[in-house]
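Trainee: Below are the chains, spelled out letter by letter.
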Amino acid sequence: MFRVLLILWVAIGVIPFPASADHSPKIQIVGSTTVLPIASRAAERFEKFKKIEKFKSSHRLRILVNAGGSGVGIHSVARGRSDIGMASREISPSERKRFEGSHLKVHTVGVDAVACVISSEVYDAGIRDLTRQEIRDIYLGKIRNWSEVGGPDRKIVVVDKERHRGTRHVFMSFIFGNPTAKTPGTILVTGSNNEEQTKIAQSDSAIGMLSYAWVNDEVRSIGIRDKKNIVNPTRETIRKGNYPIVRNLSFITAGEPNGEVKAFLEYLKSPEGQQVVEESGYIPFT
Amino acid sequence: MKNESHGVMLVFAGLNLIFLCCAGGLFFFLIFESYPILKLHGFDFWLGQDWWVGETYGALPMLYGSTLVTALACLLVLPLALAVAIFISEFLTSTSRRCVKAVLELLAGVPGIVYGLLGVSFLSLWIKDIFGLLDGNTLATAGCLLAIMILPTVLTLSEDAMRAGPAEYREIALGLGLSKWQMATGVVLPQALPGIMGAVLLGIGRAMGETIAVMLVVGSLDRIPDPWFNIFSSAQTIPSKLGREAAESIGEGTHWSALMALGLTLFIMVLLINFLGNRFLKRRSIS
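As you go down the protein sequences, you meet chains A and B in turn.
Quick note on numbering: the first sequence equals residues 1 to 286 in the working numbering.
Quick note on numbering: the second sequence equals residues 1 to 287 in the working numbering.
Be a bit skeptical, because a hint or two may be false.
With a straight-line Cα cutoff of 20 Å, these simulated DMTMM-like cross-link-like pairs (lysine to aspartate or glutamate) come out [said to hold, decoys possible]:
id: 1; chain 1: A; residue 1: Lys182; chain 2: B; residue 2: Asp226
id: 2; chain 1: A; residue 1: Lys240; chain 2: A; residue 2: Asp226
id: 3; chain 1: A; residue 1: Lys26; chain 2: A; residue 2: Glu260
id: 4; chain 1: A; residue 1: Lys105; chain 2: A; residue 2: Asp217
id: 5; chain 1: A; residue 1: Lys48; chain 2: A; residue 2: Glu279
id: 6; chain 1: B; residue 1: Lys128; chain 2: A; residue 2: Asp204
id: 7; chain 1: B; residue 1: Lys128; chain 2: A; residue 2: Asp153
id: 8; chain 1: A; residue 1: Lys26; chain 2: A; residue 2: Glu47
id: 9; chain 1: A; residue 1: Lys142; chain 2: B; residue 2: Asp129
id: 10; chain 1: B; residue 1: Lys128; chain 2: A; residue 2: Glu218
id: 11; chain 1: A; residue 1: Lys155; chain 2: B; residue 2: Asp129
id: 12; chain 1: A; residue 1: Lys155; chain 2: B; residue 2: Asp226
In short, the hints are calculated from the structure, not lab data.
Using the sequences and the accompanying hints, generate a full structural model.
Mentor: Take a look at the structure:
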């Protein structure tokens, strides 16, 4: 028995691993979880598209998409650890300075809004909109109970994001005028859109920030109120620019793209690619 | 013949040297990488309570979270592991014992992410409902999850240690008229103490270093709970902090240096605990 196992073990070690011998062209994409659905959908179609267009079966392009957040995306493309970075925010001045030598180039493919979201229980209890000042006070810990803004008598679970996340940069820029604002009222810190969505859905009194495409029945978006004027995030208000917290979704390369990377980016900007953006729940960039 | 064994010993010594170099190299790498931040903040790095990337780096909340979560896991695991280990080693027949052990060893190999996802989907909600909390992502949740994670390891190794005691001792104890229970607690347990200690140290090592499972349920808030013993509040541990922020700053800048200093801190903490554990054992065996 032991001998059989030993032989098996050695045999497994000796057989060449198919993946390691595969030298087909490869594009690595890393970054924002907001842009990720676009990238993975487009990658799937682009691979098929390429197969028909140019390549015979011997030369298959592989596109690997990984999450991490906008900060990670910008950092990894600038340092050559990936071919394309995804970002759901602008490259910050400090990043521009730090990665000056990498000549980062931004290719915008879509537009998205950052919605202020709350647990559906709070939404059902009557909270439909908040002012900027109210959201700011909630994140500062000055308002701690929903009853203070006309909601049920429940403490607020204030959900924040990791500081390098694109969604947080955009949201905090609007609320505080400072992308890296400090928020002493925070109760939970989350990372990806998925993680935040799950934690807000699990809670019955949470507030947070999410990409518009992640809003659902459990996690409801609310309007931003300015005096009497309420703007809800909808396709219409985002497209027209009425909703105040919008941002560009971008792919970033170090220098001018070429070869496969260039072809992929051109595909994203083509009508087929823009269709993918729309299917992912975002507004095409035209 | 003598020459041959000499050669084998040389090979073994060489392998040993490789391990030593790895551990030593890691240690010096961490010191080297964390030097900039320690030069900047000095000892205040471990006393500071604020961690704002680009401004100031204070490791106390993470240090505190790691310690508390590990202590909590140990506190929960130890009584349970000992009780069950005694039961398996002294009261089960050898067939059922083998079955139970096989299952335990299988559980000990389940990766952290699996426990983490179960923690997010069930444990955190249960803890929230049972204790009537505002939110289920707390130190207590992380502690419970770690306890569940390290229980199989601690349990099966403790049981091995108990089993390893000489059979004559048991026979003599029973022959002297002790009950099975008296034999287990009075003869087997003291004999097995060094082995149990080793099992617990291994468990602590895993608990302290666990990243993803803790990251998903601890709340990731870099703040010491208020009051400090409030385990039902979210906090942050060292590995979870590294997991959340390392990818953003790999290899450069003060931020990276601060993260490496956190790694160094964790390294030293594990070393310290192992050292203290061994000291404790030595002292016992002398007396």
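Trainee: Are Lys128(B) and Asp204(A) close enough, with their CA atoms no more than 20 Å apart?
Mentor: holds, 11 Å
Trainee: Can the restraint linking Lys26(A) and Glu47(A) be considered satisfied, given a maximum Cα separation of 20 Å?
Mentor: holds, 11 Å
Trainee: For the pair supplied as a hint, Lys142(A) and Asp129(B), is the alpha-carbon distance within the 20 Å limit?
Mentor: violated, 26 Å
Trainee: When you check the alpha-carbon spacing of Lys182(A) and Asp226(B), does it fall within 20 Å?
Mentor: Roughly 18 Å between the alpha carbons, so the hint for Lys182(A) and Asp226(B) holds.
Trainee: Is Lys128(B) close enough to Glu218(A), meaning Cα to Cα at most 20 Å?
Mentor: holds, 18 Å
Trainee: Are the Cα atoms of Lys26(A) and Glu260(A) separated by 20 Å or less?
Mentor: Holds - the C-alpha atoms of Glu260(A) and Lys26(A) are around 8 Å apart, at most 20 Å.
Trainee: Keeping to a limit of 20 Å between CA atoms, is the pair of Lys48(A) and Glu279(A) held or broken?
Mentor: The hint holds at about 18 Å.
Trainee: Mind checking the alpha carbons of Lys128(B) and Asp153(A) for me, to see if they're no more than 20 Å apart?
Mentor: holds, 18 Å
Trainee: Compare the distance between the alpha carbons of Lys240(A) and Asp226(A) with 20 Å, and conclude whether the hinted pair is satisfied.
Mentor: The given pair, whose Cα atoms are some 18 Å apart, holds under the 20 Å limit.
Trainee: Quick one, are Lys155(A) and Asp129(B) close enough, alpha carbons at most 20 Å?
Mentor: Within the cut-off at roughly 15 Å; holds.
Trainee: So if I understand the rule, the pair passes when the alpha-carbon distance is 20 Å or less; does Lys105(A) with Asp217(A) pass?
Mentor: The given pair, whose Cα atoms are some 37 Å apart, is violated under the 20 Å limit.
Trainee: Can the restraint linking Lys155(A) and Asp226(B) be considered satisfied, given a maximum Cα separation of 20 Å?
Mentor: Holds, at roughly 16 Å.
Of the numbered hints listed earlier, those contradicted by the structure are 4, 9.
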